[in-house]
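Participant: Based on the provided sequences and hints, a complete structural model is requested.
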Amino acid sequence: MVSTFEPKSNYKVIGTRPIRHDGLDKVTGRAIYGADIKLPGMLWAVVVRSPHAHARIKSIDTSAAEAMDGVYAVMTGADLPAQEDRVVDLGEGSANFRWASDNIMASDKALYRGHAVAAVAASDRYIAEMAAGLVKVEYEVLPNATNVVDALAPNAPIILEDLVGDDLGEEVKNTNMASHFRHEFGNVDGSFAKADHVIEREYTMQMVHQGYIEPHNATAIWDQENRVRIWTSTQGAFPVRTQTAGILKLSESRVKVTPLEIGGGFGGKIPIYLEPVCAILSRKSGGRPVKGVMERRSVFEGSGPAPGGVLTVKLGATRDGKLVAAATDIKLEAGAYPGAAVGAAAMCVFSCYDIANTRIDGWDIVVNKPKSSAYRAPGAPQATYAMESAVDELCEAAGFDKMKFRVDNAAHEGTRRGDGVIFQKVGMREVLAATKASPHWRSEIGAPSRPGNKRGRGIASGYWFNIGLKSSVNLALNSDGTVELVEGSTDIGGSRASIAMQAAEVLGITAEEVRPSVVDTESVGYTDVTGGSRTTYATGYAAWKAANSMVDELKRRAALLWEIGEDNIQFEDGVFSSKTDSELKISFKDLAGKLNDTGGPVNTTGAVDLEAAGGAYGTHICDLEIDPETGKTDVVRYTVVQDVGKAIHPSYVEGQMQGGAAQGVGWALNEEYFMNLDGTMMNSTYLDYRMPTSLDLPEIETVIVEVPNPLHPFGVRGVGEVPICPPIAAVANAIHDAVGVRLRDTPMNPGKIMSALEKKG
Amino acid sequence: MELPQRVHVRTTINGQAQEFLVPPYMSLLDTIREIAGLTGTKEGCLDGNCGACTVSIDGRIVDSCLVLGAEVDGKSITTVEGLATAKGLHPLQQAFLEEAALQCGICTPGFLVAAKGLLDNEPDPSEERIRHWLAGNLCRCTGYDKIVRAVQKAATASH
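Same order as they appear, the protein sequences are chains A and B.
Per our numbering, the first sequence starts with residue -6, numbered consecutively.
Per our numbering, the second sequence starts with residue 17, numbered consecutively.
Calculated from the structure, these hints are not laboratory results.
Quick reminder that beta carbons are idealized off the backbone N, C-alpha and C, glycines included.
This list has only true hints and no planted wrong ones.
Some but not every residue of chain A turned toward chain B, in silico, with C-beta under 8 Å:
| no. | residue |
| --- | --- |
| 1 | G16 |
| 2 | D29 |
| 3 | G257 |
| 4 | E288 |
| 5 | G487 |
| 6 | Q651 |
| 7 | G652 |
| 8 | M684 |
| 9 | L688 |
Facilitator: The structure is reproduced here in structure tokens:
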């Protein structure tokens, strides 16, 4: 049964801004990230990668590398155990072990440039690099298809020869289409026929990368007792265990994963890459520890970026501005193996609006690019770019006010999402009201900084459903009244603090008096990934449960001390007292000092498996300035308005909102996998990929809206993913407002702006 | 394959004299991390575009991935580990904590060393100047907003 909660407001810890517990180690350089680990006798691994986007591997000669001084082991795809089709759920996404194994190291074909084909372990990194250069791979280069249009063309090269596609339930062979599904409600075509205004537009997007500054890394020992130990930077130690054990064909209990500090993930550090490689090299070198760190180029070419694709949106409205029908066709690039986030895109595409008649077609298309993975609300930014651009285009065509149209058609409790889910209490209307009331919306755009430049303003809204899933927390009470909190959720952006604060709130102590630790897979119960905006929601919920168990146990201890009944004990503001005898009271701290008199240590646990989470909305306002001579675009003012349910630590909530917006602005204006005809990404360095710098962005204003989530004890909704959904459309809409051209292709860089301006004349 | 002879280097890291043999092809970043054992300096790209490996050499900030270990003979290096003293944290470190200017924290050491390089020479920089100075350090988590505020706060606190 799902519990629901009434919102409260008189919190002592929640809503404050304590210094995060792991902050000191991170500003002094003491924090140990994945690549920082050093073990006795450790070897370095370097991976050999395919220079071709699509090629049959005819032979691999490792003899010269093996003969080099300092080289301990060389492996190829032949060293990976054979796999049959077996799908495992990873929380945010899933993996089929046959393909996941092939992605770790190619078997008969390399399916994208950067696909691992061999690996070397040597006494240091430089020797390993030299040895990797001695591995000779003979390829038969095949024609490639690196986007959905090429991959669906009649003469397209077939990338996975044994792929059986699912086209609305029909099996399809000899195809690059992994799946095509449909959600349809109401009378869509009839409603379009009756609508006063109908538009249909097509939008194209390029693949982008999460861009976390810390490259993927792993260190492994596969010892003589057939046990594997892994140290890595990951969003989820338990999913790493599941994936590594599956690929190595070991029982999960033989694999121990220790998550070290993680330098950014955004969804990209859920899948594994180096872990099984380092483990196999360790076994082949007699159980020595083997560490691997990807070079930046390999992170771009060989990890899991976010899909590009082609999306169409058709909207129909009455003449008084009621949105009556919507249809979309979402084709996303899976990369080399099935699994683009098209299902999630379908759940989000129409979710800002209450529309009676909707049809969503989703397509998962295999292409010769790295296997895509989650990137902060996977699939939703793409869907939102198309939908929120189309909403503006409809308003422009019909003469509707863009804000009023959004308010009039906003989703609310009872609205049916495009995939059929009926919304509980959601905050779209509240977010739009807060947007209208924001200082930014109420201000003029301002004059351009240079004569001739043009300024414009755009808005866009976005939705992400958030996830719940499994989390475990252990608490141990110290005799000085402080509490050790042990959790399995890796902390990417302050979640140690937000989880500890929830326990502290229940226990009536300060945030600093709870000491959180993220531990290995043998030291805490199962916990799903830090992803899906679930950590503060679900792991926080587990901490709340564990803290309540601790309060219950301490009530029992106070009852023992005072020799009264347990049901006579109350706990309020950090003090246990008798309901009937006002003389009997003891603080949490003092009672903690009396554990030895009342039965010894107090340790409690909280475990949750939450089926539902609370979906959340954001609306962004973007003011930008364009130089029509060059197409250069500067974002001059930006505001993020978002319903977060309840902000546990507002500073880190704002940080999520600002960071997501910054990534979205980069996606809108600069970022793309720029592919040549050979299927090579031509901009696989930070210099050429060009993520936003401090100089590219203005101050990012934030407006936190709190519509409590009834499914969480403190009303938390999760905040990490919503803020990347609106920016791309907000930028596109602002560009249109500034210079009157509609860009339907990302990135909206100076070149595209100039050609659109020239076309417009 | 014959490996070249190692180079003898005497240097000062965070005020402490150090002496080591370094392969001539080894970056200063790897020298600091692998030989001196100071892993606070981070690797992000190895081509001088992210700034995660920023250190100061004789008061000048550099990407340590673009310098060879063999080049720092006789020079004085400051890494993130050298910012705090027995008296306490550097004002930048304190401001980064108070302003929540880090999320994952991987870029933080580079930002701190780079920002110190600014404040050591310009104690009262404008927001524009801070944004310009830090444009060689990438952060993917924060959108820079809270980093810029933290540097402004540290500048005020140092007065």
